[in-house]
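Chains as they are written, first to last, in my numbering: chain X, 1251 to 1545; chain F, 1251 to 1545.
Worth flagging that the hints you see were computed from the coordinates, not collected in a lab.
Hints may contain errors.
Heads up, the list lumps identical chains together, so a pair's fine if it works in one copy or across two of them.
[Stated by the list, open to error] Within a straight-line C-alpha distance of at most 27 Å, the following computed BS3-like cross-link-like pairs (lysine-lysine) qualify: (1) 1273 <-> 1254; (2) 1415 <-> 1273; (3) 1495 <-> 1294; (4) 1254 <-> 1294; (5) 1415 <-> 1294; (6) 1495 <-> 1352; (7) 1415 <-> 1495; (8) 1294 <-> 1273.
2 protein chains.
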Amino acid sequence: MSIKDRLRGYSHEVEEALRGLLKGKGIPAGLREAMEYSLLAGGKRLRPVLCLCFARMLGAEARAAMPFAASLEFIHTYSLIHDDLPAMDDDDLRRGRPSNHKVFGEAMAILAGDGLLTEAFGLMASTAGELPPGRVVEAIATLARAAGAGGMVGGQALDMAYTAKAGVSLEELREMQAMKTGALITAACVCGAQLAGAEPDVLARARSYGQSVGAAFQIVDDVLDVVGDEKALGKPVGSDEEQGKTTYPALIGVERSMDLARRNAAQAVESLSPFQGPEATFLRDLAQFIVDRVS
Amino acid sequence: MSIKDRLRGYSHEVEEALRGLLKGKGIPAGLREAMEYSLLAGGKRLRPVLCLCFARMLGAEARAAMPFAASLEFIHTYSLIHDDLPAMDDDDLRRGRPSNHKVFGEAMAILAGDGLLTEAFGLMASTAGELPPGRVVEAIATLARAAGAGGMVGGQALDMAYTAKAGVSLEELREMQAMKTGALITAACVCGAQLAGAEPDVLARARSYGQSVGAAFQIVDDVLDVVGDEKALGKPVGSDEEQGKTTYPALIGVERSMDLARRNAAQAVESLSPFQGPEATFLRDLAQFIVDRVS
Chain X
1251 MSIKDRLRGY SHEVEEALRG LLKGKGIPAG LREAMEYSLL AGGKRLRPVL CLCFARMLGA
1311 EARAAMPFAA SLEFIHTYSL IHDDLPAMDD DDLRRGRPSN HKVFGEAMAI LAGDGLLTEA
1371 FGLMASTAGE LPPGRVVEAI ATLARAAGAG GMVGGQALDM AYTAKAGVSL EELREMQAMK
1431 TGALITAACV CGAQLAGAEP DVLARARSYG QSVGAAFQIV DDVLDVVGDE KALGKPVGSD
1491 EEQGKTTYPA LIGVERSMDL ARRNAAQAVE SLSPFQGPEA TFLRDLAQFI VDRVS
Chain F
1251 MSIKDRLRGY SHEVEEALRG LLKGKGIPAG LREAMEYSLL AGGKRLRPVL CLCFARMLGA
1311 EARAAMPFAA SLEFIHTYSL IHDDLPAMDD DDLRRGRPSN HKVFGEAMAI LAGDGLLTEA
1371 FGLMASTAGE LPPGRVVEAI ATLARAAGAG GMVGGQALDM AYTAKAGVSL EELREMQAMK
1431 TGALITAACV CGAQLAGAEP DVLARARSYG QSVGAAFQIV DDVLDVVGDE KALGKPVGSD
1491 EEQGKTTYPA LIGVERSMDL ARRNAAQAVE SLSPFQGPEA TFLRDLAQFI VDRVS
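Next up, chain X with everything else stripped away, as it sits in the complex:
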């Protein structure tokens, strides 16, 4: 089966789980509608899939880990809703549909994000019925650190500061993206391993894979923003800078950006060298697939 088909299969499992997770919680109807509008808007479900694959690869039962994996999509979705707000990036569209606040208003969009973030931690805690509480609480700590003010939220604050500033360096861009998008992707891998009770050396490999895949993913995203999906690599760059955002291609050009993405993907594959089985193969192929999207 192609990597695309395998990814679609895993995404589908997550999708099914997401559908039921806001039911029976006493959520006011209007709020639940706003939360589901963004949560069920599709997408690759990359973070839950990474979490599940690491958990499975290292011996945990997928069914037991699923609510924890789903919580990663809750957190990712909340961050998109809040990032799209007029006071933030002011985006009217998300995944081809009107963004949350365009449909439900700003107040409800803020609350939908707050609700998704809080429910995420409830989902994580709920897995302690089937998994050892010590593992669950460690994974919660990992995810809170990654999503919090020293991670994803801090990365968005830096992103906004850098958008207003001239002359962002490559090191600043790398650090900002590592916080804004890398931290949650890395935490997805590490949490999956923690839920499976992995030893420190295995956790370090999960972390290395996540950091490398996260960096590759973000660099390729930057490149696709500039050259456009499916287009050739030789085009002039810099158009995204007009919107005030510094990107890898704007700083070092498309060719060197893609070299960097490929080195990160290779590092990710290398991190998984001790592991075998369908999940290990999938994770290796996924790292390669991320950079193959541009070509």
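Dock chain F against chain X, hints included.
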């Protein structure tokens, strides 16, 4: 010692703990400043104090429970920052100072709230080093439910819907306030008991105390908004309704509102009947103090 002095003593302990909790987490300076501006703006620290007192009364060590107790103030603070936003209640002042977004801008205020909420769960998870992970994860589940879309966030959504609507009933008001402010106060008591490993019957007493104290607190707050602090009870009411908010005094008058608050305080005291020692006495006196504020 008077109840005021004892409350001040407990609040001071919490205050000391709050000061150090955002340090050394790699939070960008501007974001940390915005978070601390609201977190360290004073206040009674009622929710952490309740959590600590229940934990202590039932045999847990206060030092071990402190980060969990502090997380309640993180959550309360985030909710105030987001509620004050222009898209929400649009309040320029909070605790006598400019609200967060007036000082740091809307984007930073949204992120400061998101950061506080996420760090709160990190603090909760961090207590598993000293307390049994099974208890910690149960308390996390309690708090996520209380603060989430079926609790505090849902209550704020209802509050906004009711502000736009004529003819809110007493039952609707009661339910909305139970979600918006009652749920977190109740969770503070229940979490404290859970961290101490309390049995179900004791947890039920903690819940009953929290629900009664939370209701009394909110009713008295409504009354104070109408009659003004330290003023007599016989004044004309309804002024708060001009701002579109339905209150207890507007629906049933000041006298009946205060009767209801007193009955709730008595119920709270009754819930604690099996317990003795300084924390039990403090919690009983606190329930009484809440209604004595008006007189």
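Results for each hint:
Taking the closest pair of Cα atoms, residue 1273 and residue 1254 never come within 27 Å of each other, the shortest separation being 31 Å inside a single copy and 43 Å across copies. Proximity of residue 1415 and residue 1273 under a CA criterion of 27 Å is satisfied inter-copy only: 26 Å between copies versus 44 Å inside one chain copy. Within a single copy, residue 1495 and residue 1294 get their C-alpha atoms as close as 24 Å, which meets the 27 Å cut-off; across copies the closest is 43 Å, which misses it. Proximity of residue 1254 to residue 1294 under the C-alpha cut-off of 27 Å is restricted to the intra-copy arrangement: shortest distance 10 Å within a copy versus 55 Å between copies.
In this homomeric assembly, residue 1415 and residue 1294 never come within 27 Å of each other (Cα to Cα): the closest approach is 32 Å inside a single copy and 40 Å across copies. Taking the closest pair of Cα atoms, residue 1495 and residue 1352 come within 27 Å of each other both inside a single copy (23 Å) and across two copies (26 Å). For the homomeric pair residue 1415 and residue 1495, the shortest alpha-carbon distance inside one copy (9 Å) is at most 27 Å, but the shortest distance between copies (42 Å) is not. Taking CA atoms no more than 27 Å apart as the test, residue 1294 paired with residue 1273 passes inside one copy only; the shortest distance there is 23 Å, against 36 Å between copies.
Comparing the model with each earlier hint shows violations of hints 1 and 5; every other hint is respected.
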